[in-house]
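Peer 1: Single-letter residue listing:
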Amino acid sequence: MSLFWNIINQKNVFQFEITADIIHPDIIAFIQEKVPVGLFRFEIGIQTVNQKANLAVSRKQNFDKTKAIIKALDNKIEMHLDLIVGLALDEFEDIKYSIEEVFKLFAPELQLGFLKFLKGTPVRDKYEQHGFIFDKNPPYQIIQSNYLSAAQLHQITLAEHALEIYWNKKRTIHTLKYITNNYSIFDFLLGLGTYFSSVKFTSIHLKRCV
Amino acid sequence: MYEIIFQFAANQFPNDNIIQELIAIDYYLQHKIKPQQLFIQEIELTEKQQIIQQLSLNHQKNRYIILPVSFDFSFYLKEQRIERTTSNIIIQYNGTTAPEIINTFC
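From first to last, the protein sequence lines are chains A and B.
Counting along the first sequence from 1, when you hit position 34 you're at 34 in the working numbering, and nothing is skipped either side.
Every number in the working numbering is 1000 more than the matching position in the second sequence, counting from 1.
Chain A on its own, in the form it takes in the complex (with noise of 0.2 Å):
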């Protein structure tokens, strides 16, 4: 016991990737009784809040759990979310959605992932049905698909570099926050991202900020 607490106290950071909507209350209450601020990071996969999506990849999720249990706990413990972008059935639309509403929980780290299909896999297995293109060297990463152009993927990577350059790495909390609140987010990311994208920059710069 001695150990676990010596572990604790020497500022370590313990993450868990884990599936919100099935904590239990009781491990919240603990959680909000007995864990230090900053001890735990939880990484959660949220994916899409699309049901449909979800279920196409055998997935269920509770996304109003998911969210209340967010909100019960981001005093407690840092989240770091994450969605994925070209899943069967996402089209622009529901992707857009997506991220405005995950955003809204004001994560400190939202990240986009765009999907791959790994060899093995039961979605590369079956990418013919949802008439899926990808590329055909690691790390395999989607081009197109029924439900999203590739002009439609080029856009929200725009808006994710965005993402990444003003919100996960903390440059603009304020601004986003009231963006979030008073406009479109997605709208502003993909905005500012293609507005980024058209200022000439040396390889240097763009280097540096991400």
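Check each hint, because a few of them may be wrong.
To be verified - Pairs of lysine-lysine residues, derived as DSS-like cross-links and limited to a Cα-Cα distance of at most 30 Å, are as follows:
1. B:1061 to A:170
2. B:1078 to A:65
3. A:116 to A:170
4. A:116 to A:34
5. A:170 to B:1078
6. B:1078 to A:34
7. A:11 to A:170
8. A:177 to B:1032
9. A:76 to A:104
Don't read these hints as lab results, they were simulated from the structure.
Just so we're clear, the structure is a prediction, and the values are computed from it rather than from any experiment.
Here the structure of chain A is known, so what remains is to put chain B in place on it, guided by the hints.
Peer 2: What follows is chain B alone, placed relative to chain A:
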């Protein structure tokens, strides 16, 4: 980075000065040492010195920026709503840790 987002916001939201002021606040809160002035200029030096004296701020150990803004920033942080009023934000830089907002006053 900040100049890009500032230009973008000024072009896209020309009637919303709050966005521009928030970008400025975010910029000033990003640096451990007092940065060069961008987006919002500080209040006049004589007024700044009076305020530092009145509040007994340690200007030998720290550096300060006093920014005029058009809303109550403390209220905004608590309520996430904008209350329009002329106010000032005092940011303290100690050179080693993240800057802090130590006072906002109208």
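Peer 1: Indicate, hint by hint, whether the structure satisfies it.
Peer 2: Outcome of the hint check:
1. For the given pair, residue 1061 of chain B sits about 27 Å from residue 170 of chain A by alpha-carbon distance, which is consistent with the 30 Å threshold.
2. Between residue 1078 of chain B and residue 65 of chain A, the direct Cα distance comes to roughly 25 Å. Compliance with the 30 Å bound is thereby established for this hinted pair.
3. The hinted pair formed by residue 116 of chain A and residue 170 of chain A meets the criterion: a straight-line CA distance of about 27 Å does not exceed 30 Å.
4. In summary, the hint linking residue 116 of chain A to residue 34 of chain A is not supported, as the alpha carbons are separated by about 39 Å, beyond the 30 Å threshold.
5. A distance of roughly 19 Å separates the Cα atoms of residue 170 of chain A and residue 1078 of chain B; the hinted pair therefore holds under the 30 Å criterion.
6. Of the pairs offered as hints, the one joining residue 1078 of chain B and residue 34 of chain A holds, with about 26 Å between alpha carbons and a cut-off of 30 Å not exceeded.
7. Distance hint between residue 11 of chain A and residue 170 of chain A is fulfilled; the C-alpha atoms sit about 22 Å from each other, no more than 30 Å.
8. Taken as a hint, the residue 177 of chain A and residue 1032 of chain B pair is honoured in the structure, with Cα atoms around 22 Å apart against an allowance of 30 Å.
9. Of the supplied pair hints, the one linking residue 76 of chain A and residue 104 of chain A holds, its CA atoms being roughly 18 Å apart against a limit of 30 Å.
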